[in-house]
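Protein chains: 4
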Amino acid sequence: MVKRLIAHLSHVELLTPKFSDSLWFFKDLLGLTVVEKTERSAYLRAWGEFYSPYGVKLTENDSSGLGHVSWRADSEQDMMGLSTSLQKENNPAWTDGDYGHGKALEFKGPDGHKNEVFWEQSKPRVSDDLKSRFRSRSMKIPNSAVPVKRIDHCTVYSSNVSVDKEFYKGIGFKHNEGMFSTKENREISAFMTVTGQCHDLGIIYDMSGAKGRLNHVAYYLENSGTWMQAVDIFTEYGVTVETGPLRHGVTDSLGMYVLEPGGNRVELFNGGYLNFSPRDDWTPIMWNAEEDAKYVWSWGAVPETLFFYGTPPTKDTQFRQSFNPMGQKTAKLI
Amino acid sequence: MVKRLIAHLSHVELLTPKFSDSLWFFKDLLGLTVVEKTERSAYLRAWGEFYSPYGVKLTENDSSGLGHVSWRADSEQDMMGLSTSLQKENNPAWTDGDYGHGKALEFKGPDGHKNEVFWEQSKPRVSDDLKSRFRSRSMKIPNSAVPVKRIDHCTVYSSNVSVDKEFYKGIGFKHNEGMFSTKENREISAFMTVTGQCHDLGIIYDMSGAKGRLNHVAYYLENSGTWMQAVDIFTEYGVTVETGPLRHGVTDSLGMYVLEPGGNRVELFNGGYLNFSPRDDWTPIMWNAEEDAKYVWSWGAVPETLFFYGTPPTKDTQFRQSFNPMGQKTAKLI
Amino acid sequence: MVKRLIAHLSHVELLTPKFSDSLWFFKDLLGLTVVEKTERSAYLRAWGEFYSPYGVKLTENDSSGLGHVSWRADSEQDMMGLSTSLQKENNPAWTDGDYGHGKALEFKGPDGHKNEVFWEQSKPRVSDDLKSRFRSRSMKIPNSAVPVKRIDHCTVYSSNVSVDKEFYKGIGFKHNEGMFSTKENREISAFMTVTGQCHDLGIIYDMSGAKGRLNHVAYYLENSGTWMQAVDIFTEYGVTVETGPLRHGVTDSLGMYVLEPGGNRVELFNGGYLNFSPRDDWTPIMWNAEEDAKYVWSWGAVPETLFFYGTPPTKDTQFRQSFNPMGQKTAKLI
Amino acid sequence: MVKRLIAHLSHVELLTPKFSDSLWFFKDLLGLTVVEKTERSAYLRAWGEFYSPYGVKLTENDSSGLGHVSWRADSEQDMMGLSTSLQKENNPAWTDGDYGHGKALEFKGPDGHKNEVFWEQSKPRVSDDLKSRFRSRSMKIPNSAVPVKRIDHCTVYSSNVSVDKEFYKGIGFKHNEGMFSTKENREISAFMTVTGQCHDLGIIYDMSGAKGRLNHVAYYLENSGTWMQAVDIFTEYGVTVETGPLRHGVTDSLGMYVLEPGGNRVELFNGGYLNFSPRDDWTPIMWNAEEDAKYVWSWGAVPETLFFYGTPPTKDTQFRQSFNPMGQKTAKLI
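Chains as they are written, first to last, in the working numbering: chain A, 7 to 340; chain B, 7 to 340; chain C, 7 to 340; chain D, 7 to 340.
Chain A extracted, bound-state conformation (with noise of 0.2 Å):
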């Protein structure tokens, strides 16, 4: 039995070549707050992140991607105990730490994505004119049509999905979930969590070869309700949404997917089962590929995007994704 190490999910850096583009996208149209800025990089806080000071780094780059994905040590000595544990393979590190929180462990997933561990962190502060009359709130709801209320889960591309699930059990995380393909003979996906979420983190078979994608970052938007004002904002600023509102069979959650101007997907997300059941003491719940694919996704059409596209793109998919905002694409229903 493997303790838990982690608390949670704090912060996801997101590469974007288009970095004023990008920066509009959070802080305009999801209601974002920058809450520190660099030469480089902008740091963002939503209105429900109130035990966390930011849930997205942005950072200016070449390419779109994944900068890496940083989680909260359940302890001081967790995180301790967690750089012991790691291989040479991973190439674990100590960093000074960034905005927001201290000294940080940095290591590599099998798939090559860079994750950090830390344990001191600063409160979320804010200023008067953004405090909340609820104490329970970080800030006010901003006054905006998409306002998400704190990030939810990272979902990576990996080369193989099944050393990557098993890298992250060992390092303390439950499988709640996954997909299995008989026709390939491989796990298609696996969602993986270290609180009671059905995933802080996803990882889901890349087919084009590429190692290290990014699949999609989420964030939670309270009230489902909101959703067909969300899609309505999107369409009018020119947003690429690649799926209207949708349902999950994985998970059983409701999602909807965009493209914020860097070309990173972006999901809102709502509902999801909790599964507070034991660690020790669960089975993950597995999906055939080839029997339950109509309700892995379900509500009508699927673009196909949705089975190839990631960050940065391949050549493959960057030449497929020759699709401007709103411009005709080619889909599948499922």
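Don't take every hint at face value.
[Stated by the list, open to error] Partial selection, computed: residues in chain A whose CB lies under 10 Å from chain B: (1) Ser26; (2) Gly176; (3) Leu252; (4) Tyr301.
Worth flagging that the hints you see were computed from the coordinates, not collected in a lab. None of these values were measured; they are calculated from a predicted model. Yeah, the Cβ is synthetic: ideal placement off N, Cα and C, and Gly gets one too.
Dock chains B, C and D against chain A, hints included.
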């Protein structure tokens, strides 16, 4: 200037080859009440149909499709006046009426769709156990997941939209909005109303070459927040969801399409503008099929079935319609 | 039988002693656009007002209350006809018009409320950056939390509901619904329409003895799922929420009341029946104030301010209205 | 530092003097499924209870109120460890278990509320006709208007909140949030959790002087957009709606209270924060009853019954509770 001759849509007769399954759909899933039954037909009322005796008449038949569309005249004189203005090719004829209404003037539109107009009607009644506590409702809201409020409109396919449009304008309809294809040099759709609604009658170009077919009948779902639940229920209970919630640019409404077990397309509908501008001072909003396609239906993927499937299905679409509920389909993103 | 003389509500002029605060409310919170400004007035249009130049004219004034209610005639002849049918006590007079419309026939209703009816109007225009991608919208949906779609209706207080009701019936309104108090032997409210809406004009008994006061002006909020977000935003930004979301039994609609900073009550409105029954074949739905009280407004607690507060406030209600935003108030549960 | 001993809330036993009416409420209105029945009890599961056999046990009794609260241990060792840490005054005792779980450690909290903790449990099963097409659901979503997803939390009244809070902290609960009254120099409420939820157990000061009473049990309603429909249905079917939808400032959640026919208060619940901050690094959010009152429950009027009504009712509240469903009540606006 033509006076308003017709007050509003009264009901639509739907033909179904799977009578009991279709009845289950309308009664158990949409929450309608059977207010009258004959050997081959059921008359179904929604809780919000408070000035009309029922909204759908369901009739057993060899194939699916439209029986007739029934309208209430604005007065008895209007009904009589209408009878004199119809042409021989419309086959006008008087019938004795049906459950809920008196004698009716029957006639065919240019593409062969059967219409009727009546004046006398009986008030909607309800048994005591179904009586609402609200005087403004014809009966209790049913305790079901998708409690549609009232029939909203009927949309037909036509082999010549322009001809149909002119005919209905001639009997008092207002032409609110439409679409023209420059490439095909043809009107693609026309949205016609006798009330303030964005459309009581939709007309869409039928590229199959067939005549007199039905595109869909639409029910108004009062609370747009209920849609997430509606789609879940349809999916759980095996109803084919052709699209999840989407935004219609044309008529600026929310829609969602399912196929009832008999094969007829049924829309859940919400929003849509009201246009109370004087009829003879209104210039139709015209969309261009080539330039505006991406906003006609928005929010991600649209299945290509939307462009050709209707009832009764043609040989071609029957073939293509080999999609079982939830089976594989191809789709186009717009 | 009286012909329909008036086509629809065009706009309402609201008076406010706190002009800039009221402007902030309508512009920043409700997402309206200022389409014209004069020294003491602002003209505000919502994104869904596509056939009317604006819905509210906000005018600086010593006290709050109603400036006038403005209606569009169904034709020029109807406007001229109306001018001959008004009585001396209605003080009919022609004005030169105002921003967005031509010459208007001004007159007073029995309780002193100022109305105007005009025919000529200019089309709603919008600057290029506010243009919607949807041809069916007058402009982009604003990126704000409570993006109301269009003005819906105006509800006035009257010292004698029956007299007012008869006057408006005389100029073409349909009496959809109302309430009678057996105990007081008096009509308590009347809901009048010139369109198919449940009401374009509400009339409520004013027990204060004052004349010509405003009860509220209502905006339609398209998506009822947005309401949870709307109330949160109003609360965060210090706007007095008089009631959260509730069901009006009368008119069977969803409503929510807030006070704009100038003191005028503003309703967010959704649903409500459409009644397209021919006007001269309609018997009003009548509620009894004593028997039906609990269903007139339902869903828990109703503050007693609903029964007496209006603008301009009377001495008595001013006293009672000493409630600051969010201050202590007493209420009655119905 | 105390380890987490309890994994999650398993079920709540509710006592009802109107067994068949209460059963109708939970089964027909909330859409729960009876998974087991004994002479005096019914065991009810919601569609989203996929790792727990049921969420409510309903038991016939002379009066309403709480039977017991049942928790699952985090492991067998944790259950055994807990047994040694309880005091004599808690009356710890082993029972043989009940439908769905094995032997349980029973004990009383300081105010007299009965709890139990067990380890062994059986998996939720379901008959074939109720099986969902989704592997992540324990059964089909029911086709009812208010299909609650899962039990969320239980809130008890206590004659001494501080004492109760300390007791539950001692057996592994985290103190997320609470309220203190400066005027009364007393803790008014405490929100305790063993998971990441804002609370699994609420404790509210009982000013009646009674002990061991129930404030309410809460069900999670997945889709907040469904609430408008929920309230309509409750109203139509004669269930007492104590409040419509409202915002709880404390726990930042959406709530709505109704009384089931047996008299117990039932909450529909949505949102509420998740707090995955490490337990021993958390400082509770503390509200001040006098300063913050207006944001504790917001959105208009709050009935004063919220401050004293509980089950079993006291003589005093029985008297005041003479409100029949939908009868006249007095309320206070906060």
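Comparing the hints with the structure gives:
1. Of the supplied interface hints, the one on A:Ser26 is violated, with its beta-carbon coming no nearer than about 25 Å to a beta-carbon of chain B, more than 10 Å.
2. Violation of the interface hint for A:Gly176 is found here, the shortest Cβ-Cβ separation to chain B being roughly 36 Å, above the 10 Å cut-off.
3. The beta carbon of A:Leu252 is positioned within 10 Å of a beta carbon in chain B (closest approach about 6 Å), and the interface hint is therefore held.
4. Interface hint at A:Tyr301: satisfied, since its Cβ lies 8 Å from the closest Cβ of chain B, which is below the 10 Å cut-off.
In summary, the structure is inconsistent with hints 1, 2 from the numbered list given earlier, while agreeing with the others.
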